[in-house]
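With the sequences and hints as input, model every part of the structure.
Protein chains in written order, with the numbering used here: chain S, 1 to 76; chain X, 77 to 152; chain G, 153 to 228; chain P, 229 to 603; chain Y, 604 to 978; chain F, 979 to 1353.
I should point out that these hints are in silico values taken from the structure, not numbers from a laboratory. The structure presented is a predicted model; accordingly, all values stated were derived computationally and were not measured. Any given hint might turn out to be false.
Computed Cβ-Cβ distance ranges for the label pairs, DEER-style [to be verified]:
{"id": "1", "chain 1": "Y", "residue 1": "Ala790", "chain 2": "S", "residue 2": "Val25", "range": "47 to 57 Å"}
{"id": "2", "chain 1": "F", "residue 1": "Thr1292", "chain 2": "S", "residue 2": "Leu18", "range": "18 to 28 Å"}
{"id": "3", "chain 1": "S", "residue 1": "Val25", "chain 2": "Y", "residue 2": "Gly621", "range": "43 to 53 Å"}
{"id": "4", "chain 1": "X", "residue 1": "Met98", "chain 2": "P", "residue 2": "Phe256", "range": "39 to 49 Å"}
We put the CB at the ideal spot given by N, CA and C, even for glycine.
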Amino acid sequence: MMSKGIELMFAGMGIVFLFLAMLVVAINVMSSLVQRLFPDMPTSSSLPAVSSGIDKNIIAAISAALHQHRQKHKQN
Amino acid sequence: MMSKGIELMFAGMGIVFLFLAMLVVAINVMSSLVQRLFPDMPTSSSLPAVSSGIDKNIIAAISAALHQHRQKHKQN
Amino acid sequence: MMSKGIELMFAGMGIVFLFLAMLVVAINVMSSLVQRLFPDMPTSSSLPAVSSGIDKNIIAAISAALHQHRQKHKQN
Amino acid sequence: MENLVSLWQSTGLYNFTGGQAFMMLVGFLLLFLAIKKGFEPLLLLPIGFGAILSNIPVAGIAEEGGILYYLYFGIKTGIFPLLIFMGVGAMTDFGPMLANPKTLLLGAAAQFGIFASLLGALALNAVPGLEFSLKDAAAIGIIGGADGPTAIYVASKLAPDLLGAIAVAAYSYMALVPLIQPPIMRALTTEDERKIEMQQMRPVSRTEKIVFPLMLLLLSILLLPSATPLIGMFALGNLMNACGVVDRLSQTAQNELINIVTIFLGLAVGSKLSAHAFLQIETLGILALGAVAFAIGTASGVIMAKIMNKFSDTPINPLIGAAGVSAVPMAARVANKLGLESNPHNFLLMHAMGPNVAGVIGSAVAAGVLLSLVK
Amino acid sequence: MENLVSLWQSTGLYNFTGGQAFMMLVGFLLLFLAIKKGFEPLLLLPIGFGAILSNIPVAGIAEEGGILYYLYFGIKTGIFPLLIFMGVGAMTDFGPMLANPKTLLLGAAAQFGIFASLLGALALNAVPGLEFSLKDAAAIGIIGGADGPTAIYVASKLAPDLLGAIAVAAYSYMALVPLIQPPIMRALTTEDERKIEMQQMRPVSRTEKIVFPLMLLLLSILLLPSATPLIGMFALGNLMNACGVVDRLSQTAQNELINIVTIFLGLAVGSKLSAHAFLQIETLGILALGAVAFAIGTASGVIMAKIMNKFSDTPINPLIGAAGVSAVPMAARVANKLGLESNPHNFLLMHAMGPNVAGVIGSAVAAGVLLSLVK
Amino acid sequence: MENLVSLWQSTGLYNFTGGQAFMMLVGFLLLFLAIKKGFEPLLLLPIGFGAILSNIPVAGIAEEGGILYYLYFGIKTGIFPLLIFMGVGAMTDFGPMLANPKTLLLGAAAQFGIFASLLGALALNAVPGLEFSLKDAAAIGIIGGADGPTAIYVASKLAPDLLGAIAVAAYSYMALVPLIQPPIMRALTTEDERKIEMQQMRPVSRTEKIVFPLMLLLLSILLLPSATPLIGMFALGNLMNACGVVDRLSQTAQNELINIVTIFLGLAVGSKLSAHAFLQIETLGILALGAVAFAIGTASGVIMAKIMNKFSDTPINPLIGAAGVSAVPMAARVANKLGLESNPHNFLLMHAMGPNVAGVIGSAVAAGVLLSLVK
Ligand code: NA
Ligand code: NA
Ligand code: NA
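Right, dumping it as structure tokens:
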């Protein structure tokens, strides 16, 4: 069984390296293709902000509140 | 089978129209009954605001913040 | 069956009382041990605030908004 | 033409039985109580809707191939009530109880309602036409526990045929707590007793709140393993909340997960409201016994509190004994309201929360006893 | 060495069949349409991904033991489409329809697309190599209902083999509504008709919105029990939202629950996009008939609106008839857009929402007819 | 009296076996590690609790009819680990890896830990009393993948009896990464190497992030179909997040859905911590081999990074090689911390995230190899 394990180790690490090496090549090809064909704006932050919807609400509410606040200040 | 299909078409469209026409009648009856018996305030917007809970929090937070802000202004 | 029911009632209430009485003792022992061994800050409110994440956002947003607001006031 | 005849023969109008029509009315009544009267709407609305859906002729929504049939597996396997109990555990704060552990005894006394109505069910066998087995009686008694998931869990194990009626009774009476309890509480207490103010509670540390659910589970393991499915899932939810390191799991357990399971559980309970199972004289017995159970549980809690007040160093307002039935948090609110009526400066809410959550433990323990002794 | 041979023989490259490769391309095409073209991405992305996963050689992801095999039970039992329909119900506002109930007739007329394409499917049997049974034809016709969960529910009952193609056609054409409908709408209306302004709608009370789903369910129980699984779950969702007392359930139904089920449903539908089932001449027929169904449904709605405009006291813009196919809310938006083109002050959106949600009811009713008469 | 005897005979105290008591202690130990020590609490808390529940005498919570028995189906069918992997995919940002793709090789090298401990398990067969089959050895080796769902998925397919021990070892060592890795990293690197600053990464476009998961899936389909269940669900989650058009699905996948499944998965894993399966000398072997796997994986990653640094145009800090084991994001944080110790201006976090997420892919690929070759 030990020999089978050793064989497995070589096959396994071989495939893992082969797979990821091919992925490296594929990514390089893909990235250069994409950059040439679709030169869209790069996004530095990747995850779409979860709370964007909430933030909009907050911002709207604050704007409204500040507006009211300013109006009151003017009245004074 | 074609004749069965045609029969199905007449039966089907008939029932669809019958059903929705009865629903029209039912709605008219229901609406007039409701308006007479339960003349509660109509709601123009139908969906209960999803973020109402949050909005309350926001409003409370803003009120508090504005209050603090005003206090500070007074001190100056 | 009635007698079985009565037996069940005595056994049942007995166990319920026994169980909860033992729990009283256990809590008393546990509380005194904990207070002696881990005298950490007591928390008066027990449930972790659900919306703490949101509140932080709100507070940050408000702070920013108020900051901007004040800056503008200064400019005037 | 043939089509039209076949269509007519497939209409509900053609196929309705009186029982189905009646049960549908029961469903609409439950919807009315839930929406217009605010009776435990989170449960009674899906239950009522499930009752309507399962009694539609021809459609077979509660039969094999229909959605309610599949949802019922969640009750049959116990998964739905246990997940709800986990969520309830995550929502429960044992702080007030830990600050004043002797209130646990109030949660014990109030379970007398369970066993009294169990006896009542057996006594009703004297009425011709009524025939409750011991299992039936135990499942009916658990209504007195005033705890929905516990009642559904026990009924699904001991008397699945009565499940619909038992669940409806349990949730209805829980909604009626503000009506059922006050007269009993007033009858058993004097104005002076109701005026008793209680000492402010000590703060409870986080460590105590973390250790408690584990201690509760351990005691249940040692003494009453048959209660551990209920108490275990409850303790899991409570621990997830108290420990503070798995907040995202705790939040999901007490929000989305419990909401999803509540919809499914309600519909599945409703599917047991078939004419065949519900339109029996037994159902009237169940409804009557449920009311008795609540009343007796309330009374036992109050009397126990009066006794404890006699022997305690610190004063105990007997009103908080009524909260021992569980029905969290309505029963505690009722105690608070009656306290305020007699003494406008007397806020009993937090003091009543102790026996209130103790009542949840008490009925889970009683459920364990019934599941282990009634066979 | 033996290992290497065995590895090579286990690669996808070694085991690919032409059909699998082609279906994978179909999957990638669906992903492209979903992501780049914005075609109903919530459904077409998981469907496309499911198509890819289920056609991977050796892996057996859609066979017993694979995750897609188990997820498919949710469709087989009808649970997934019904839960989605419940969520859609919770998101639906019947206000505009209740304010102007006669628009329901537009939602009826537009279902003609269903039965016309059913007939078309039967007519296609004349083409050698095509063989649609009556069940197949009915399942294909339901594409004309322009309602995803209804189409999937009916297809899973009547023609599970065609489910993949039917679901893909239904969602694709729903995404194409802004392209398919305008030319038909323009061809059937005059500039003057498109300019017609409609009267402002009366506000609708909360009570009406609560009573309506129950009334809808009741009518369906009495007349067409076979439609009650669909209409019942839809009415449940709508009631949960309208009643205002179970907001936490309603929110979960229209957010987390529908999202979870959408992922599962999409993957499971995709698992039916196997080469064996999809790469048939029948699929071309289904795609062609689906387009016909949408076109005829649109036309019938517009023509019905023109007729109603003739006989109605208040003016009816024929454009809103096209919204009767359902495809909520795109069809209503299309009507609004064409209205604005002819008259920049003419906001038809709310007026078109009436027939739009009526179309959902209409296709559920049509589904009930098909499920009850086609055996 | 009979009742009392029967009650006593139904207590846990009467029925406890030594093994159950011991396993319960293991469960409490896991809770302690989770809550007090912060060891992967999201998983170890439910696992520990599941271990307690499943070892309660009489109650049979993990036997047919008990909730843990039913929850285990989610593991047996692979659904739970795959859904978690989908959620993890949705949370993963491949940006840093795409900006510097050669770091993928670090994620490959670190998988050597898997195969080394597989060999180690086979070597341990020389110890009398230990008997690991090839399947067992493979399932043990996968601990070295430092990825929870992958380990659970592989173990449930190859060695379900060892599942409990393997899952506990995997999550425990992942929590111990900040203790296990630093000494190895320090031993294998010089101060100067640890000071190496790396060039700022180029920004990565959204299109690249959308194309990558599809490319990854395609490569896996062509070369290693046995890895496609894992890689496919991971890619689905990642695509849902990257594409930006199904945000509501992506959010649900990485929040509510993953939370619900995490609770269920943890409890179900815990149900495999029975005395019968866990209290074997094999468990000690598993724990020892797991530590070896992590150590060897860390060392291989660091050595690979040193080699690459020699041949690369741009400098590579060997510390980031250790992040190749996966254990996202702790391993990357460890690399960052050690980098800061040697050079307070050296922020390696983003550079280490590349090999870190590459390690997830690497172990999924290794899992595919094991599932396809070990029979
Ligand atoms: Na109780
Ligand atoms: Na429609
Ligand atoms: Na890894």
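Checked against the structure, which of the hints given earlier come out wrong? 3, 4
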